[in-house]
Amino acid sequence: MSKPPTKKDIISIPSERIISRISLIRGRKVMIDRDLAELYDVETRVLNQAVRRNINRFPSDFMFQLNKQETSIWKSQIVMSTADKKGLRRSPLVFTEQGVAMLSSVLNSNRAIQVNIQIIRIFTKLRELLATNRQLREKVETMERKYDKKLKEVFEVLKSFLIQGEKPKEQIGFKIKNQK
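So for the sequence shown, numbering that gives the first Met the number 0 puts the first residue at 0; every next one is plus one.
Quick caveat, the hints were computed from the structure, so don't treat them as lab data. Note that the Cβ used here is the ideal one computed from N, Cα and C, for glycine as well. One thing to keep in mind: the hints can contain errors.
As the list claims (entries may be wrong) - With a straight-line cut-off of 35 angstroms between C-alpha atoms, the simulated DSBU-like cross-links for lysine-lysine are:
(1) K28 to K176
(2) K124 to K138
(3) K28 to K138
(4) K138 to K176
(5) K145 to K176
(6) K28 to K74
(7) K74 to K145
(8) K138 to K67
Said to hold, decoys possible - Pairwise CB distance ranges, derived in the manner of DEER restraints:
(9) L129 to V156: 23 to 31 angstroms
(10) Q97 to E15: 31 to 39 angstroms
(11) D60 to N107: 42 to 50 angstroms
(12) D60 to E15: 23 to 31 angstroms
(13) E137 to I72: 30 to 38 angstroms
(14) K145 to K28: 16 to 24 angstroms
(15) L129 to E69: 28 to 36 angstroms
(16) R110 to I18: 18 to 26 angstroms
(17) S11 to Q64: 41 to 49 angstroms
(18) N109 to R88: 26 to 34 angstroms
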């Protein structure tokens, strides 16, 4: 039986570090195997080996392998040393949020469990932000449609005041005639 982690054992990875490793591939938010392996502090081959041993836990909506075109685009977008590229024999595996959650059962270490908790929380926050922004955008568009005519009227009234203000005004007061 494993004992619960103490404060000393708790691992905290900055959210920015995790967020920067979330990519959008095939219209889904995913994380690439080597990025996950780095966060879990294991070799990529160890992570992939554990996944392949438990492949029935990773259906296509949890994990998929990049095709050649996707792999070449991915390689061009990241900075990889020549040594890193030589070590890339297979196209990377990518994991959706559900696949990342499943990894904690395959990689049974305290670090994997703690990192997974952080990653899942970040995926959840991202989903909430997207939902909130969509709702906000829809409300603004509704308000624009609803109040568009009224705002036009207000702007027309303001324009008429501005045009009136531009007319030359007659001088107020007494006029003194030139005396010789």
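Results for each hint:
With a C-alpha separation of about 83 angstroms, the suggested pairing of K28 with K176 is violated against the 35 angstroms cut-off. For the hint pairing K124 with K138, the CA-to-CA distance comes to about 21 angstroms; that is within 35 angstroms, so the pair holds. Between K28 and K138 the CA atoms are separated by roughly 26 angstroms; this keeps the pair inside 35 angstroms, and the hint holds. For the suggested pair K138 and K176, the alpha carbons sit about 65 angstroms apart, so the restraint of at most 35 angstroms is broken.
Proximity of K145 to K176 is assessed by CA-CA distance (about 59 angstroms); at most 35 angstroms being required, the pair is judged violated. Our distance criterion of 35 angstroms between C-alpha atoms is met by K28 and K74, whose separation comes to about 18 angstroms. Restraint check for K74 and K145: the C-alpha separation of about 48 angstroms exceeds 35 angstroms, so the hint is violated. Taken as a hint, the K138 and K67 pair is broken in the structure, with Cα atoms around 42 angstroms apart against an allowance of 35 angstroms.
Range check, L129 to V156: about 39 angstroms between beta-carbon atoms, so the 23 to 31 angstroms window is missed. For Q97 paired with E15, a C-beta distance near 23 angstroms fails the hint of 31 to 39 angstroms. Checked against the hint of 42 to 50 angstroms, the pair D60 and N107 fails, with Cβ atoms roughly 23 angstroms apart. A beta carbon spacing of about 27 angstroms between D60 and E15 agrees with the range 23 to 31 angstroms that was offered as a hint.
Between E137 and I72 the beta carbon distance is about 32 angstroms. The supplied range of 30 to 38 angstroms therefore holds. Distance hint check: the CB atoms of K145 and K28 are about 34 angstroms apart, inconsistent with the given range 16 to 24 angstroms. Take L129 and E69: their Cβ atoms lie about 23 angstroms apart, and the range 28 to 36 angstroms is violated. Between R110 and I18 the beta carbon distance is about 19 angstroms. The supplied range of 18 to 26 angstroms therefore holds.
The given range of 41 to 49 angstroms is broken by S11 and Q64, whose C-beta atoms sit roughly 31 angstroms from each other. Roughly 30 angstroms separates the CB atoms of N109 and R88, a value that falls within the hinted 26 to 34 angstroms.
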